[in-house]
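*Asks:* Using the hints provided, position chains B, C and D relative to the given structure of chain A.
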Amino acid sequence: MNLHEYQSKSRFAGYGIPVPQGKVATTPDEAYAIAQELGGTVVIKSQVLVGGRGKAGGVKLAKSADEARARAEEILGMSIKGHIVHKVLVDPASSIAHEIYLGITNDRAAAQPVLMASSEGGVEIEEVNRTNPKAIIREHIDPLMGLFSYQIVKVALGIDLPRDQWRAFSKIVQGLYQCFVENDAALAEINPLVITADGKLIALDGKMSIDDSALARHPDLAAMRDTESEPEAETQAREAGISYVKLNGQIGCMVNGAGLAMTTMDMTKLYGEEYGIGPANFLDIGGGAKAEQVSAALRIILSDPNVKAVLFNIFGGITRGDEVARGIIEAYDEVKPSVPMIIRLQGTNAEEGRAILDSADIPNLRTAATLTEAAQKAVEAAKGAM
Amino acid sequence: MNLHEYQSKSRFAGYGIPVPQGKVATTPDEAYAIAQELGGTVVIKSQVLVGGRGKAGGVKLAKSADEARARAEEILGMSIKGHIVHKVLVDPASSIAHEIYLGITNDRAAAQPVLMASSEGGVEIEEVNRTNPKAIIREHIDPLMGLFSYQIVKVALGIDLPRDQWRAFSKIVQGLYQCFVENDAALAEINPLVITADGKLIALDGKMSIDDSALARHPDLAAMRDTESEPEAETQAREAGISYVKLNGQIGCMVNGAGLAMTTMDMTKLYGEEYGIGPANFLDIGGGAKAEQVSAALRIILSDPNVKAVLFNIFGGITRGDEVARGIIEAYDEVKPSVPMIIRLQGTNAEEGRAILDSADIPNLRTAATLTEAAQKAVEAAKGAM
Amino acid sequence: MAILLNEKSKIIVQGITGREGSFHTRKMIEYGTNVVGGVTPGKGGEWFDGKPIFDTVEKAVEATGANVSLIAVPAPFAPDAIFEAVNAGIDLIVCLTEFIPVQEMMRAYRHVKNSSSRLIGPNCPGLLAPGIANVGIMPGYIAKPGNVGVVSKSGTLTYEVVFALTEAGMGQTTCVGIGGDPIIGSSFVDILQLFEDDPQTEKVAILGEIGGRAEIDAAEFIKANMTKPVAAFIAGASAPEGTRMGHAGAIVEGGQGTAAEKIAALREAGVRVADNPEQIPQLLK
Amino acid sequence: MAILLNEKSKIIVQGITGREGSFHTRKMIEYGTNVVGGVTPGKGGEWFDGKPIFDTVEKAVEATGANVSLIAVPAPFAPDAIFEAVNAGIDLIVCLTEFIPVQEMMRAYRHVKNSSSRLIGPNCPGLLAPGIANVGIMPGYIAKPGNVGVVSKSGTLTYEVVFALTEAGMGQTTCVGIGGDPIIGSSFVDILQLFEDDPQTEKVAILGEIGGRAEIDAAEFIKANMTKPVAAFIAGASAPEGTRMGHAGAIVEGGQGTAAEKIAALREAGVRVADNPEQIPQLLK
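Residue numbers (this note's numbering), protein chains in the order written: chain A, 759 to 1144; chain B, 759 to 1144; chain C, 119 to 403; chain D, 119 to 403.
Rather than coming from a laboratory, the hints here were simulated on the basis of the structure. Backbone N, C-alpha and C define an ideal beta-carbon position, used for all residues, glycine too. There could be a bad hint or two in this list.
Stated by the list, open to error - If you only want the chain B side, here are some residues facing chain D, beta carbon under 7 angstroms, derived:
| no. | residue |
| --- | --- |
| 1 | Ala972 |
| 2 | Leu973 |
| 3 | Leu1129 |
To be verified - A few chain B positions that, by computed beta-carbon distances, are all more than 12 angstroms from chain C:
| no. | residue |
| --- | --- |
| 4 | Tyr773 |
| 5 | Asp787 |
| 6 | Glu832 |
| 7 | Asp900 |
| 8 | Gly904 |
| 9 | Ala914 |
| 10 | Arg925 |
| 11 | Ser928 |
| 12 | Glu990 |
| 13 | Ser1053 |
| 14 | Pro1063 |
| 15 | Asn1064 |
| 16 | Tyr1090 |
| 17 | Ala1113 |
| 18 | Asp1119 |
Excised from the complex, chain A in its bound form:
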């Protein structure tokens, strides 16, 4: 789960990291009041969970409170890569002498957190990694030992940080690591960390991503989720305990298991790509397939107007095919979908399950024995409906 810039910076501040003393506004008038209070030039920053805000016109300077209101007016309600701006952060503008990148993330391959820094701050670290990988200094952190101060010295040396900044930098890095650990972050990033014209270090922008598996033990963080900005279907799916990601294709997929769900998506694309057809979503209903889960999943899939066909792919392992079939019929009765549905059941009691579905005589429902057959039938059905 990603946090907004203002949420991340507020966390950082709790760990002694200097951040601008800005506030969040949801209306132009609030932006005016904050700018008034701060005095001087402010920067109005759209709070959306997507990169490239600046290029999209979502970050603007304002030299007065009136100007702040005008800029906030422009930015609030904007759509940036499909994300609507509901909040802006009004920060005092800083005079920037130098920009640094500083971040901590989990390095899967090393199974350790890694501290990353670069003297090329202000651009995305992936961009620096492509253009000038040597500019990125990496220091692994032993998860049992924590971060040692000598490692921070190594990083400061590596990015040629002026020596008069080392002490302040060290405190910021220690704070960031503590913040990373205590909040079960998957990413804690300050980009840019700036040296101001008067020689102070300040975290101008911040980004945190929280390990989804750890949200259960951080209710305060879980409560920060911005459900206003995310597609409603994703909120519903999360509440129903279903793993769902909306995509741009026409075939709604309902699968048990994440790997098989990706595979099912891939198959619709494999057979549909030449007709411009592909998966409408990733959806893993998890183990078992009770009617209420199937109903909820079906409703979520159908909430996407692009969906022209639904493909069920259930490999009954623990779950028995006949039970799954009954669950699907119940869900069908409840949701009454009008789009064609292709159902592929495999595994335990799959034949019985297919027989049950066939005898239910649902007009827009067809069964398939293999994944290949199911994907091909789904593509056919979607083509017919386009």
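*Replies:* Then chains B, C and D, alone, in the frame of chain A:
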């Protein structure tokens, strides 16, 4: 540094460990008021940093508030093994079904904390160790990993704890370990941890000892030191940065280095024991021997009326003997001690130092070349003054 | 001979009386797996379907000589269960548990790596050695003894491929689900090495997915060290960048970990890569 | 040949520009010790009395080939300095620092034990190999080359005995102060083993004190493994129970760690135990 029972239990409570809801009283009237508020039978417990309070009459039951006032009256001001009672803890009395010992300390040999528990609670663990060592279950804790819940299960099994108490016990042990770590304790002990007649676990008595080396980073704990109860000389020594322990002999010792200070004590006993003469104190003035340190140490030593002679034993390593000699003369001029002083200087510039001392012509001051000679002269001097 | 398990393996289940643990233990016993007991703190001395329950892994090992432990406890207890199994000297630990926080798992991982224990998982379906033992949640009937080794990050996708192999008359030596989390105890490379060394395994199927670089490492290992034919399928070719696809580890980040780069690396290593997992049996014929 | 140090030892000082570090570094250099540089974060590139200063131990090792590090930094920074030296691959780490919290030191201790580094101290006077190198704070003039190995928990008591040996014409191979803290990197046993193995060391003096059981372990080791004569002194026979005598480790607790029990154990092991440290030279004659 040891904490009082009430201080320890209040810390424990901060880690979710159930403790009786008592309060501290410094006057009989306060004890009355607390007993009144608590209602029912209370226990009045003297707060002194020494064991065996119960046997000494420092812990008494009171069935009413009036009785509580009377018992507090008796206990406040008592001397228990030389410690004057300034405070009593008034706790509600518990009905005890079973007493358990639970403690965490640092195991030097293993270089790890060790969790100890015994079903024989309520007696000192050293006593159990002597009489029934098998009754003590020990579980080492990896300082990098922390305490695992399965270790608590092992301990619960080991002390035959009723299974319906395991969950509550586990929380208490986890809390105690967290308390031990976060407060840099050298000992965190609940003795007894009782199972009450109605089946609840509660920490009836508590003891914490804080690692002296860690006090600097725990100002809140350092502030809990009970200077009222400790000998004034020890308070003065600590403030002067001198390591001092009062003993019962006649020869005041001033030495540089802890090992040599103990050795010097031992030598006064070796040569004085047959005359009933021994060390009056342990005192390590640390590295260097500036006049102000020497003066402060001399005053502290002489504040003990038993002191009949003072023995200086300084091995000048880094410190030069001539400087030490000058420091001693300055201190002498300031303090003007009347007891005989034996000064043994060795190491760098020791001869020059002795010459300076000799030429200062201080009537009650004699020099010695070896530790043996110095100890013998000090014993002679003390004998003469007895 | 299977890898990791054999007829003498003695298996305990940590969390045997829990919802997941009890269900799968019964299935494992039905399959003929040598389950010698289970662990549930507080229930030591009781019995589960004729198998003794112990309070700690240590007690279970003492009493039964168990050398394999299946962990089927909820996420908040799973890291501790892994530490306990390691400290009790269990040789093979299989952790089913999903949703273990990554930072917890990094600590557990380091502890495992500093020990002589091997960990499979977490967030995995476990191991199935057809005809020998079933340690995990894979439906036993989908497999049959044979000479194909299967290793996968996924659950039902594995069943899909194993079932397809079985239907095609190609049995398996061992089916290993290594798990879909970012931090897992055993990698593709670890298992490929075992298959390469196992005399009964003649062919290998590897089922990967987007995210991380485990499949790239596998490709490098295969190129340098493997003599046996390998077929592969990589799930997630149609997944967008920057979004997690169910598994905590299945995410393309900063252009890294795409299906395309993994497929290219595997092909470069001489692996036959399927577009469709149902092709795997043909590719291994 | 001394133990732990030789003519090729290259020594750095962590905290070389600090109050303690700079003072003792000068003394060490005066003694002829091969100090090749020092470490003070933030002062890399500067010089201290002709020796280069580095920002990290790693940089110092790269540039100088240092294999010994003396740590002379205040307590809050000392554990980190130990970790840094270990992680930079320093063979011998000597930590002078007093007042390191015990729990911090337990963590550092475990890290050292999991590494190939050896730690002497903390809270110790360091090592003096007469005529070869002085790594610590012992006054060099008290010692001279010879065949006695000295190992001690104490500072000035060590000087006392070393000086008495030197005055009696008995030089030393190496004088080792292992430190007076409860948790120390090298025990009496560790150093006794080195003296036993060192061909030049013919006799050994051991200076213990109350608290802990390191001297009991030493007695057991001596009885089982040592062929060379050993003399000992144990400080604190006159100390009361339950009170710390200066050194954090010098405390008799629960009747354990008394001078009497240590003396008895050493005598039982054939060690000549002195009542008075000035007797040590005679006992080794």
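*Asks:* Per the stated criterion, does the least C-beta distance between Glu990(B) and chain C lie above 12 angstroms, as a non-interface residue requires?
*Replies:* holds, 49 angstroms
*Asks:* Compute the least Cβ-Cβ separation between Gly904(B) and chain C, then decide whether it is above 12 angstroms.
*Replies:* Violated: least Cβ distance 9 angstroms, not greater than 12 angstroms.
*Asks:* Evaluate the condition: distance from the CB of Tyr773(B) to the nearest CB of chain C exceeds 12 angstroms.
*Replies:* Non-interface label stands for Tyr773(B): nearest chain C Cβ at 19 angstroms, farther than 12 angstroms.
*Asks:* Does the claim that Asp787(B) lies off the interface hold, with its Cβ farther than 12 angstroms from every Cβ of chain C?
*Replies:* Consistent with the label, Asp787(B) stays out of reach of chain C, its closest Cβ about 48 angstroms off (over 12 angstroms).
*Asks:* With 12 angstroms as the threshold, tell me whether Ser928(B) passes as away from chain C on beta-carbon distances.
*Replies:* violated, 9 angstroms
*Asks:* Would the hint on Leu973(B) stand, with a C-beta cut-off of 7 angstroms toward chain D?
*Replies:* This hint is violated: Leu973(B) lies away from chain D, its Cβ roughly 9 angstroms from the closest one there, beyond 7 angstroms.
*Asks:* Holds or violated: is the Cβ of Pro1063(B) farther than 12 angstroms from all Cβ atoms of chain C?
*Replies:* holds, 58 angstroms
*Asks:* Minimum Cβ separation between Asp1119(B) and chain C greater than 12 angstroms?
*Replies:* holds, 69 angstroms
*Asks:* Would you say Ser1053(B) is clear of chain C, with no C-beta pair closer than or equal to 12 angstroms?
*Replies:* holds, 54 angstroms
*Asks:* Classify the hint on Leu1129(B) as holds or violated, based on whether any CB of chain D lies nearer than 7 angstroms to its CB.
*Replies:* holds, 6 angstroms
*Asks:* Run the C-beta distances from Asn1064(B) to all of chain C and say if the shortest one exceeds 12 angstroms.
*Replies:* holds, 54 angstroms
*Asks:* At 12 angstroms, judged by beta carbons, does Glu832(B) keep clear of chain C as stated?
*Replies:* Non-interface label on Glu832(B) holds, nearest chain C Cβ at 46 angstroms vs cutoff 12 angstroms.
The structure does not agree with the numbered hints 2, 7, 8, 9, 10 and 11 stated previously, though it agrees with the rest.
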